[in-house]
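> Take 3 as the starting number for the sequence shown in the working numbering and just add one per residue.
Treat the hints as calculated values from the structure; they're not laboratory data. Do not take every clue at face value.
[Said to hold, decoys possible] Keeping only pairs whose Cα atoms sit at most 30 angstroms apart, straight-line, the calculated BS3-like set for lysine-lysine is:
| no. | residue 1 | residue 2 |
| --- | --- | --- |
| 1 | K16 | K5 |
| 2 | K94 | K26 |
| 3 | K157 | K94 |
| 4 | K35 | K319 |
| 5 | K86 | K253 |
| 6 | K26 | K319 |
| 7 | K253 | K5 |
| 8 | K86 | K5 |
| 9 | K30 | K14 |
| 10 | K26 | K287 |
| 11 | K295 | K38 |
| 12 | K188 | K35 |
| 13 | K157 | K72 |
[Claimed, not checked] Label pairs and their in silico Cβ distance ranges:
| no. | residue 1 | residue 2 | range |
| --- | --- | --- | --- |
| 14 | H176 | S256 | 45 to 53 angstroms |
| 15 | N25 | G189 | 49 to 57 angstroms |
| 16 | S256 | G199 | 53 to 61 angstroms |
Glycine residues also receive a C-beta, built at the ideal position from the N, C-alpha and C atoms.
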Amino acid sequence: MTKKYHPLDIAKIKTYSIHTRDNKVNIKEHFAKPLKAGLSFGEFFDSLPRLLGADSLRGVVDAVVGAREKGRPVVLAMGGHVIKCGLQPVLKSLIEADVITAVAMNGSAAIHDFEVSLVGATSEDVGAVLHSGDFGFSEETGGGMNRILKEGLAKGIGFGEAIGRRILEGEHPHREHSLLAACVQKGIPVTVHVALGTDIIHQHPEADGAVTGEMTFRDFRLLSSVVADLGNGGVWLNVGSAVLMPEVFLKALSIAQNLGYHVENFSTANFDMQQHYRPLQNVVKRPTSGGGKGFTITGHHEINIPLFAMAVLNRLKA
3 MTKKYHPLDI AKIKTYSIHT RDNKVNIKEH FAKPLKAGLS FGEFFDSLPR LLGADSLRGV
63 VDAVVGAREK GRPVVLAMGG HVIKCGLQPV LKSLIEADVI TAVAMNGSAA IHDFEVSLVG
123 ATSEDVGAVL HSGDFGFSEE TGGGMNRILK EGLAKGIGFG EAIGRRILEG EHPHREHSLL
183 AACVQKGIPV TVHVALGTDI IHQHPEADGA VTGEMTFRDF RLLSSVVADL GNGGVWLNVG
243 SAVLMPEVFL KALSIAQNLG YHVENFSTAN FDMQQHYRPL QNVVKRPTSG GGKGFTITGH
303 HEINIPLFAM AVLNRLKA
């Protein structure tokens with residue numbers, strides 16, 4: 003037999019006074035401050051609401067400033083889109099100010115960085131040239147980078163340092179916009195992590211899988227030593243890499259833990275336009291589960307990274 007329902011009588015519902023209720027948001031602690039023309043950056047940053055994304059950004063800034071005040075490392079891991087957003091000058095300012103102490107990037111970021119240093123431009127129109135068979139076959143990029151890697155192999159250096167050195171030694175016309183070159187000049191670790199077949203230089207006739215593999219493996223071992231030093235206040239920033247760099251970080255951290263470095267009590271942050279599974283798990287959550295804190299900053303790199311960088315520089319100067 004089907005049960006028959008009748009509308010509930012809501013006349014007898016009990017209510018309470020709003021003055022007795024606990025609230026998550028209040029005007030004294032959380033609301034933004036009024037804005038007016040002529041505010042300094044510090045005043046503007048302090049005026050942001052103390053909620054959600056704004057407070058997460060404050061947390062990352064606090065972690066980075068705290069790390070540098072204590073002499074702990076701040077590592078930037080990044081994907082290629084960060085370069086295509088034109089953020090090299092911003093990131094270079096953090097390198098030159100001793101805020102970023104190591105840089106790790108995927109293969110596409112290294113390629114875009116190399117092209118910018120060479121011709122002041124990058125990012126071809128894939129759809130327009132894919133069907134003609136021309137996508138990714140620029141000689142200067144494919145031939146140039148593969149030859150540099152072969153030379154670097156004999157010198158005993160890794161992928162990132164080899165490309166950065168050549169940008170400087172070859173006096174690329176726009177080398178002042180290269181992060182690879184900036185790291186080499188500053189003398190900080192710069193590593194490039196590739197998966198074979200993912201980058202346009204792997205299509206070139208001069209590509210050599212053994213060379214590419216050895217050069218990026220050297221960088222992986224170097225990065226593992228950087229990760230082993232993150233404990234007790236260091237910071238790992240993952241910017242714009244949804245798969246490769248989070249996976250590399252997790253494996254480097256696992257190596258460090260296995261060798262007895264006990265990397266604990268450090269901070270991580272993932273900056274991206276949307277939060278993906280691997281960065282959330284392999285950067286924000288799992289690595290900090292034994293102590294530390296992870297942050298997520300969601301939005302466009304071209305807005306959030308300059309905002310973050312200026313907040314850090316302003317705090318350190320103050």
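> All hints are to be evaluated individually against the structure, with a verdict given for each.
Each hint, compared with the structure:
1. Simply put, K16 and K5 have alpha-carbon atoms about 28 angstroms apart, close enough for the 30 angstroms limit, and the pair holds.
2. Distance check on the hinted pair: K94 and K26 sit about 39 angstroms apart at the alpha-carbon level, beyond 30 angstroms; violated.
3. For the hint linking K157 to K94, the alpha-carbon distance of about 26 angstroms falls within 30 angstroms, and the restraint holds.
4. This hinted pair checks out: K35 and K319 have alpha carbons roughly 23 angstroms apart, not beyond 30 angstroms.
5. Taking the CA atoms of K86 and K253, the gap is about 27 angstroms. The hint holds against a cut of 30 angstroms.
6. Restraint check for K26 and K319: not satisfied, since their Cα atoms lie roughly 33 angstroms apart, outside the 30 angstroms limit.
7. Among the hinted pairs, K253 with K5 is inconsistent with the structure: their alpha-carbon atoms are about 58 angstroms apart, more than 30 angstroms.
8. Proximity of K86 to K5 is assessed by CA-CA distance (about 63 angstroms); at most 30 angstroms being required, the pair is judged violated.
9. Our distance criterion of 30 angstroms between C-alpha atoms is broken by K30 and K14, whose separation comes to about 36 angstroms.
10. Our distance criterion of 30 angstroms between C-alpha atoms is met by K26 and K287, whose separation comes to about 24 angstroms.
11. Of the supplied pair hints, the one linking K295 and K38 is violated, its CA atoms being roughly 34 angstroms apart against a limit of 30 angstroms.
12. The straight-line distance between the Cα atoms of K188 and K35 is roughly 39 angstroms, outside the 30 angstroms bound, and the hint therefore fails.
13. For the proposed pair K157 and K72, the alpha carbon gap of about 34 angstroms is over 30 angstroms, so the pair is violated.
14. Checked against the given bound of 45 to 53 angstroms, the beta carbons of H176 and S256, roughly 38 angstroms apart, lie outside it.
15. As the Cβ distance of N25 to G189 is approximately 51 angstroms, the hint placing it in 49 to 57 angstroms holds.
16. Look at S256 against G199: about 24 angstroms separates their beta carbons, and that is not inside 53 to 61 angstroms.
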